[in-house]
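Visitor: Each chain is listed here by its residues.
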Amino acid sequence: DQQVKQNSPSLSVQEGRISILNCDYTNSMFDYFLWYKKYPAEGPTFLISISSIKDKNEDGRFTVFLNKSAKHLSLHIVPSQPGDSAVYFCAAPTQGGSEKLVFGKGTKLTVNP
Amino acid sequence: ETGVTQSPTHLIKTRGQQVTLRCSSQSGHNTVSWYQQALGQGPQFIFQYYREEENGRGNFPPRFSGLQFPNYSSELNVNALELDDSALYLCASSLGRMDIQYFGAGTRLSVL
Numbered sequence: 001d002q003q004v005k006q007n008s009p010s011l012s013v014q015e016g017r018i019s020i021l022n023c024d025y026t027n028s029m030f031d032y033f034l035w036y037k038k039y040p041a042e043g044p045t046f047l048i049s050i051s052s053i054k055d056k057n058e059d060g061r062f063t064v065f066l067n068k069s070a071k072h073l074s075l076h077i078v079p080s081q082p083g084d085s086a087v088y089f090c091a092a093p094t095q096g097g098s099e100k101l102v103f104g105k106g107t108k109l110t111v112n113p
Numbered sequence: 114e115t116g117v118t119q120s121p122t123h124l125i126k127t128r129g130q131q132v133t134l135r136c137s138s139q140s141g142h143n144t145v146s147w148y149q150q151a152l153g154q155g156p157q158f159i160f161q162y163y164r165e166e167e168n169g170r171g172n173f174p175p176r177f178s179g180l181q182f183p184n185y186s187s188e189l190n191v192n193a194l195e196l197d198d199s200a201l202y203l204c205a206s207s208l209g210r211m212d213i214q215y216f217g218a219g220t221r222l223s224v225l
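The listed protein sequences correspond, in order, to chains A and B.
Positions 1 to 113 (our numbering) are the ones given, in order, by the first sequence.
Positions 114 to 225 (our numbering) are the ones given, in order, by the second sequence.
If we strip away everything but chain A, and leave its shape as in the complex, we get (with noise of 0.2 Å):
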């Protein structure tokens, strides 16, 4: 049972316009989220969390809006460039202390010149 879906394998956008990526969750104990950006030969970066205390998360280009009724999440990267190009994870930590992290499958994201 996939917790947190990400339906959308692949996006593609062109430089200097916005990307949106999305992920759906079903757990609704879930109370902090984060996004991931993974390069190929390299591990995830951290990109960009947000409380389910707030609705909003914003951080330079990057933008994180969550509907908790809806139980959604959208990253918004606004302008796209071409080095934003990468597969990007929705992830949400489970209860329990531990921290385990729950991933998506991933959006590969490729912004063209």
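These are calculated hints, taken from the structure and not from any lab test.
Don't take each hint at face value.
[What the hints assert, rightly or not] Okay, the calculated beta carbon distance ranges per label pair:
| id | chain 1 | residue 1 | chain 2 | residue 2 | range |
| --- | --- | --- | --- | --- | --- |
| 1 | B | Pro175 | A | Gln3 | 34 to 42 Å |
| 2 | B | Gln130 | A | Asn112 | 39 to 47 Å |
| 3 | A | Asn112 | B | Leu152 | 38 to 46 Å |
| 4 | B | Asp212 | A | Lys56 | 42 to 50 Å |
| 5 | A | Gly60 | B | Arg176 | 37 to 45 Å |
| 6 | B | Arg221 | A | Phe46 | 16 to 24 Å |
| 7 | A | Tyr39 | B | Asp197 | 20 to 28 Å |
| 8 | B | Ser223 | A | Asn27 | 40 to 48 Å |
| 9 | B | Asp197 | A | Pro82 | 18 to 26 Å |
| 10 | B | Ala151 | A | Lys71 | 22 to 30 Å |
| 11 | A | Gln2 | B | Pro174 | 15 to 23 Å |
Note that this is a predicted model, so its numbers are computed, not measured.
We treat Cβ as the ideally placed atom computed from N, Cα and C, and that holds for glycine.
Once you've looked at the hints, dock chain B against the given chain A.
Guide: Same frame as chain A, now just chain B:
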């Protein structure tokens, strides 16, 4: 400041063999988590070590075991390798159990 480093980068083993993967955590981090990432999937949690004690385990059989050393580096051991163990193994360290996890580049294991 040195980040999370993993060794080896790549490894080829045959079915039934045993393997040890190593991870050096980021300076100051006392928590290490291990993940398995199969092709086309997101990372899956194997287990976490906090101050040398196992602190949570995912749905992996006992032939997956680990250690954390006093310097907070860690090992992942897999016995009786199976073909399905072929994957990227990622190590992540964090300041504490509840903090942001920072990942190494991983070890690519191929089981033939």
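Visitor: Each of the hints needs a verdict: does it hold here or not?
Guide: Verification of the hints:
no. : hint                              : verdict
1   : B:Pro175 <-> A:Gln3: 34 to 42 Å   : violated, 24 Å
2   : B:Gln130 <-> A:Asn112: 39 to 47 Å : holds, 44 Å
3   : A:Asn112 <-> B:Leu152: 38 to 46 Å : violated, 25 Å
4   : B:Asp212 <-> A:Lys56: 42 to 50 Å  : violated, 22 Å
5   : A:Gly60 <-> B:Arg176: 37 to 45 Å  : holds, 44 Å
6   : B:Arg221 <-> A:Phe46: 16 to 24 Å  : holds, 22 Å
7   : A:Tyr39 <-> B:Asp197: 20 to 28 Å  : holds, 26 Å
8   : B:Ser223 <-> A:Asn27: 40 to 48 Å  : violated, 33 Å
9   : B:Asp197 <-> A:Pro82: 18 to 26 Å  : violated, 36 Å
10  : B:Ala151 <-> A:Lys71: 22 to 30 Å  : holds, 25 Å
11  : A:Gln2 <-> B:Pro174: 15 to 23 Å   : holds, 21 Å
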